[in-house]
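Peer 1: Going down the list, the sequences are from chains A and B. Residue 616 in this note's numbering is what sits at position 616 of the first sequence, and the numbering runs on without skipping anything. Add 1000 to the 1-based position in the second sequence for this note's numbering, that's all there is to it.
It should be emphasised that the hints constitute simulated quantities derived from the structure, not laboratory data. Using N, Cα and C, we set each Cβ at its ideal position, and we do this for glycine too. Accuracy of the hints is not assured; some may be wrong.
[To be verified] Pair ranges (Cβ atoms, derived):
(1) A/Lys72 / B/Glu1025: 36 to 44 Å
(2) B/Lys1136 / A/Asp206: 27 to 35 Å
(3) A/Ala63 / B/Lys1136: 57 to 65 Å
Below are the chains, spelled out letter by letter.
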Amino acid sequence: MSDTPTNGITETARPPQIPNGDGWGELRNLLIGPERSQLDQLQARLDALRVYPEDVSQVLAEAVHLRSSQDKQLTNALLPSVEEALRASVQRNPRVLVDTLFPMMGPAIRKAITVALRSMLDSLNSSLAISLSLRGLKWHWEAFRTGKPFAEVVLLHTLSYRVEQVFLIHKETGLLLQHVIAESVIGQDGEMISGMLTAIQDFMRDSFGGAEGESLDTVEYGDRTLWIEQGPQAILAGVVWGNAPRELKIVFQEALESIHFEMREALGSFQGDASPFTAIRHYLEGCLQEQFRTEETRRSARGVWLISAALLLALGAWGFSLMRSHQVFKQAQQRWEACLSTLRTQPGTVVLTVENRHGTYVLSGLLDPLAPEPFTLPAVARMCADIDVSRQWQTYYALHPTFVAERARRALDPPDTVVLDLDNQGVLHATGTASYQWILEVQKLARVIPGITQLQTEQLVAVDRPEQILARAQATLTPPSTVTLRLDNEVLYASGEAPHRWLVEARKRAPTIPGIKWWREEQMVDTTLKALTVFKDEVEKYSLRFVKGTVRPDTGQEMVLPKISTAVRQLVDAASAVHYSVQIEVLGHTDKTGSVEENLRLAQGRAEYVIAGLRSQGITEINLTAVGAGWRQPLQGEMTEEDRALNRRTSLKVILTDTLEEKG
Amino acid sequence: MIQKKICMVGAFAVGKTSLVARFVESIFSEKYHTTVGVKIAKKALNVGDQEWHLILWDLAGEDEFLQIRTSYLRGSAGYLLVVDGTRRATLDTAVSIQQRIVDAVGPIPFVVLFNKSDLTNEWEIANDAFEGLSHKGWSWLKASAKTGEGVDEAFLTLIAKMPEG
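Build the full structure now, drawing on both the sequences and the hints.
Peer 2: Here's what the structure looks like:
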């Protein structure tokens, strides 16, 4: 080796000389000294395998976040430390924690009080609802029948679900580690149940096979379900009443996981001492969940409140009425008697029967349509207030003058110019002026009004115009065309010709026509009488002459009697056709010679002779009268024998009588 | 309080049920024997200051038709092997059962209980049999469900044979 440098290394930077023997080691130090120091440090860390705070601080936050999102083990792990730290903090200076919690305390306390009050109210409502409702009575009966406590029966009916018991069982031995029971649930010996439950699981596995991991999960019995959650070393079994949601299973699973995490060692080394497991009792208590049918309870509670209020009111009213019943009953009795007396004096009201049916008076009677319903009258209503009266009225027409007059007034509807007045005999007097039409209607209507016996319209003046009155007369009298009617100052003048019958009728009816007071017929010709007069004259012209001193007709007089008979027959037929009766007086005459007595006898005999002759001719239906006139009605003076012969005769006098007029 | 799972095994009609009925408490009826094949009962004892709750798995008696379910012995802290002192054959059955238990769950403490000790006239177990058991290292007691003799001692003996802890 020469001393001449072979590279860029200067004298001052010249490497140290390599000593004999340790020279290579020296050289190694020179070449990799710094790196070797670092490698030694790394080797030392690997050998020590320590976790350095600096390293952990880099990933702590992420690690906490990651594990918290996976399960609750971190929380459980930290819990004792945090609790201890809090305890230490409070012991050292409570003020720090109080100041920190203060902003949360107020709302939390208020909320707690509200919840407690609401819960108390709900509980009170539920108790009332259950005690007073029909359902409550039913449950009381069920409790009595089954021998269960009432509270248990209520719970069974109002619960939606409830976890009644939770067992934590050591898997290998079947021994009980912890057991919690819900309030008011009566539990059997947990240790024996744990054993039996384990035995049954073994039995199932042995009997029906199955892999190692498979196990009994659920046992259903009636309303209850046994939920079994299997862990590696312990079993969590819950007795659930009702239909619990599936989410509750997650609560069970998480509880079992937490127990395994916290009690891993205790579970592994379990030799029958369960006392360490008291520390995880809260996990089991967390599984004791329940849910009530709150909505239904509240709804029924409202109903029960109403029923309760009604019952209280009814009870109060009952008590009050009991206290005053006697007094009130007497007062009511007196008022009812007074009420009845008043009713009986009411016009248009007739009380027929009164019955008392279980405190209700049933009254039946008659009521005029014009009378007011008596119980609407203030006097009666006041007296009968609070008295239960059932009325059964039937309509009738009262004959009390007030009602008759009012009934007539309503039926006849008189104009203002008419005054109606009812007297004690039921005669209705109408006075004043009114139209003929109204008067005509009134005359028809009045007769059918109950209580009216007669209508007096004499004082009633028709106030129609003359042409109306004349037209009314024409319509009423219906005169034949040969008759002319004329009105002059309430006098009806008739002129012309008319049959006798019409004249008789018109004479009667005309003065009754409103607006007409008098009837005049001087200008009228009675055509019936005129016709009859012809027949009458024909009869009366006949005379029969007699032989002197005898009742024997003179010579040549034989044919006279049949002629008289024919004339009479014609007269009778004509008269009967117009309802006239015919009467004939046959007068016997004598001359003046002879005594008066003889002449009267002779005259009588001659008249009877003629009557006998007419009867024999068939004239039997009319009245024929023989009158002995003697010589007092001579036909002519007796100057000669011829004159005397003319006076010895009979004459006829016809009397016509209107038969209808006589009857009417 | 210490809980222990204890099994009671033996031949059919050796009087296990009578022992259980008179000296331990149970909430389950006899029908469990014919259905599940086991009935759970509990015997509470005080040993010194320590309270013991022995959870007894009373297994249905074995006969020619039914063998006991040895799986029920898993997790047991010990067992009582019950023999009817008036029937020699039941001892043979007990020996057979014990062997099967050892096969299934290994050697765990047990005590042989010769029941019906009050029936001395009908006693069939000769003294050499007891000597044979003692020679095998087995603990045995005479007991009577009728008089109560030996019942609590049997449980106490069993407890004593259990490892501490």
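Peer 1: Could you tell me which of the numbered hints above are not met by this structure, giving the numbers in increasing order?
Peer 2: none
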